[in-house]
Amino acid sequence: MWTPLLEHLVPEASTYARDLDRLVDLIFYLVGFWFVLSEAVFFWLLWRFRKREGHKAEYYDGSEWKIKRWVTYPHLIVLVFDVIIIVGAVRVWYEIKQYLPPAEQTVRVIAQQWAWTFVHPGADGQIDTADDIATVDELHLVVGTKYHYKLEARDVLHSFGVPAFRLKQDAIPGRVVTGWFEPTKTGTYDLQCVEICGIGHGLMSARIIVETKEQHAAWVAQHSTVAVASNSGARATGE
Amino acid sequence: MAEHVAPAHHEAHAHHEESWVRKYLFSTDHKIIAMQYMFTGMAMGLIGAYFAYVFRMQLAFPGISVPGFGLVSPAKYNALVTNHGSIMIFWVAMPVLLAAFGNYLIPLMIGCDDMVFPKINRLSYQIFLISALVLVASFFVPGGGFGGAWTSYPPLSAKGQYNLTPLGSTMWLVAVGLEFVAFLLGGINFITTAMNSRAPGMKLYDVPMVVWMIVVASILFMCSVGPLLAGAIMLFMDQNLGTAFFDPDRGGDPVLWQHLFWFFGHPEVYVVLLPTVGIVAEIITVFARKKLFAYRTVLYTVFGTGVLSFTVWAHHQFIAGVDPRMAHIFTVTTLLISIPIAEMMFIYIATLYGGSISFPTPMLWALSFIATFLIGGVTGIFLGASGADIYFHDSYFVLAHFHYTFFPITIIGFYAGFTYWFPKMFGKMMNETLGKIHFWGTAIPVNFIFIPLFITGAMGQHRRIYNYENFPDLANNPLFWQLSHIATIATVVMLAFQVVFFINLFVSLRSGKKAPKNPWLANTLEWTTESPPPHGNWAELPRVYRGPYEYSVPGRKQDYWPQNEPA
Amino acid sequence: MSSVAHAAHSTRPIANTRSATGMATGKLAVWWVVASEVVIFGGLLASYVMHRLAHDAWSVQAAHTNTWIGAFNTMVLLTSSLSAVLAHQAAEHGDGRKASNLLWATIAGAATFLVVKAFEWTEEITHGFTITSSTFWSFYYTAAGLHATHVFAGAILMAFVAVSARKNLELHRVELIGIYWHFVDIVWIFLFPLLYIAK
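Read top to bottom, the protein sequences are chains D, L and B. Everything in the first sequence is counted per my numbering, starting at 1 for the first residue and increasing by one. Everything in the second sequence is counted per my numbering, starting at 1 for the first residue and increasing by one. Everything in the third sequence is counted per my numbering, starting at 1 for the first residue and increasing by one.
No wet-lab data here; the hints were simulated from the structure. Be careful, since some hints might not be right.
[Stated by the list, open to error] According to the in silico footprint, chain L covers these stretches of chain D (three or more CB under 8 angstroms from chain L):
#	segment
1	35 to 45
2	77 to 88
3	120 to 134
4	199 to 210
[Said to hold, decoys possible] Residues of chain D clear of chain L, computed beta-carbon distances all greater than 12 angstroms:
#	residue
5	16
6	101
7	105
8	113
9	148
10	184
11	186
12	188
13	220
14	221
Owing to the predicted nature of the structure, the values given are computational and were not obtained by experimental measurement. For each residue, glycine too, the CB sits at the ideal point set by N, CA and C.
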């Protein structure tokens, strides 16, 4: 099993990351084929038909099949390749954006100028209850758990981007957007705001901490009874 | 078909004693207006390039004072990238490719004496100039220039309390609106002149490809900008009158702006692509001494692209919170639009087959357009495929893709057209050696700017961030900084080589070899008049007998056959 | 087609007198202007319709537009389009004086439209229906306002044409301003049901 190109650059830390990476590979090789072929033919023609003493250019009006087929056939094959890519794209899109598996846990992700607030379920395992844990710029997740995220924006457009999950979703003020992910690797990953949101856009960095069940339980226990100092009043009120 | 055969153009205009002001500042001559657009666009290009230098320096060496600018704060960074993008598209690509080349070439290539409405033509430039001045003025007002990206999404762009540039954002919007009006006016001239004022004997399929391209581009522009102009009025009112068109707290919808913007924004990329594609057609046929392969097919692919371009816009909004099912429609239309473009590129490559190719500077530029734009085109597939776009959206991969399309379109296209028509425009030949040095110093470094950015984008580098030190997964990766440094150094090198162009420009204008009427031995009508053409273009307007690409016709001694030569 | 007096227009390029399509250049240009304006208004109205469909509550606000005034203004504009058509007819027959009179009648219709609208808006604003009171009213004033701007600009241009026509000059422009006027009329034909009837 070969390593997808993207995995060389960014770890695959969610269940659908591998599928997206495979799609990118598919596109890379199909498109790369055409790219290399076109450039090679192009440069070869420049060399082959460079101006030389005693050689006059030929005259074609576009009806000559012997040349035209070199345009028509590639053009049809490009169409076939496009269809293959469309099928691949639709499948990955459906898996990440349209399909919504039942949630094992839910987290709220609240974006504002210029910080991320996260609301985690507390020890009772339920979101929007009294023991929820709110943090700023740190999202704690349990590996191997299917999460729903409920994404909000308080002021302007923001966007929830996690390269390691291969996930992105714009946050729109006035709406709650629901999506899903399932982390597959423990570790700490960047979370980015991927929609320009003002002068602090470059400050909206957050970290996602994917931990084991035990680590997470310990974190919950530690935070449930202690007021989180960095909680800037962004409690979810159960919309 | 009603036709007037042109009598000898009478010098009834008492223009011989025109003051310098009347002749250059308030001229209605399409060639002068073209130069006004050209040089205004070039000046704005210098400003846009300077901004790129500044922010690339900040990105590679964050927090260090940039020579020639100073420290780049987050607010300044946002203003720099916003105005770099806006300037390059609206105040460089559009005026240079569409207005300058369109104004200069259309009357000359279809064999008439001027545009049909010279005064409206002049008005369109004046409005354009005002728009440029308003934009530049916006950099100096309290709060500074607008920093909400060239896409200007509300609510950020609608409220001063969010963007902190209340005056700058309104001025930016007014500048863009005025630019739209200028181009709407200009477009009427281009379309009407090309449709109606062709030389006797010039049938539709005898029209040079660049003229067709500019006309189709103008039609695309006129049909797509309307909704955005309406949107701009609404955004202006949100900014200044307290309306809530895009304010979700009071019943508005921020996503509406995105639809209005991209409904225009996508056809807009073809509006700027088409003129360059036309310029390249003119150049490669001349320097390969070959007829354009399948003229009509090229036209049909252009029409097809134009129509399809109205059906793809929401690929910019895949993850914007629109109904996920919409993504399927737009991924299909977006990937399908690659087909007519691919066909056009294949036909251009086929035109080289069997040619007798020489490589003066204009040809080098035209060929590098094909080689470089191919990269931009194929990388678009990663973004048009909805599933893959989830990862690449708002990353430097997108940025590298659109620079691999826009750079060939705007910069390579400009240099191709400028070096090719310079002899006709100014009556002098450009220096070939300087031209070639400039070419290699531009066309090679550009790859070292943007290939690294494809990779950093694939590494997850997201856009419009003034300092990546805040993002550990990138900041702790040495490869990220190495690539960033390469991109910045290549930017500085490439910008430095543009000095060679300006040296060439001044040297050639002052003491270049005198240009004959037809230095390139080309077929199209502009080469049948003086270099530079007089007011009115010809003493006697030409008649046309054949198409524009009859090169190397078998049985003829000369390997070219001008359109106006009787059979 | 009325003839063009070259001598009086020495600055008109020969390009302007050609007609490879068979349609006069001025007419071709006006149609392109109309096409681009259609897209501007189309975008605005499409946005309005999408918003309206998503916001049922708008019908509460829309109930307050005055359908009688809207209907009266519709009649005024339609009548003015009629006088514009008759003006064109007169111009075709070379009767510049008559064309000019009919154009001034059209302008009078435009003025009536604008005056009635001024009263209408004053009523609405004093009753608290301002441009910021709800998004329905934002669209109402923006769409009708953009239209009114085109009525006003069109009336000014028409005045210039009427003045020339009276002297039997530039009679072909009577048709051209007429085309523009019909466009302005048709936009109103869309606005009227959207803003006044759909309640």
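Going through the hints against the structure:
1. 35 to 45: Since 7 is at least three, the answer is holds.
2. 77 to 88: The restraint on the segment 77 to 88 of chain D holds, since 6 of its residues have a Cβ under 8 angstroms from chain L and three suffice.
3. 120 to 134: violated (count 0)
4. 199 to 210: holds (count 7)
5. 16: violated, 9 angstroms
6. 101: holds, 15 angstroms
7. 105: Per Cβ check, residue 105 (chain D) is outside 12 angstroms of chain L; nearest 22 angstroms; holds.
8. 113: Incorrect as stated: the minimum Cβ-Cβ distance to chain L is 7 angstroms, not above 12 angstroms.
9. 148: Fine: 15 angstroms to the nearest Cβ keeps residue 148 (chain D) off the interface.
10. 184: holds, 16 angstroms
11. 186: Consistent with the label, residue 186 (chain D) stays out of reach of chain L, its closest Cβ about 15 angstroms off (over 12 angstroms).
12. 188: violated, 8 angstroms
13. 220: holds, 24 angstroms
14. 221: It holds; residue 221 (chain D) is separated from chain L by about 27 angstroms at its closest Cβ, greater than 12 angstroms.
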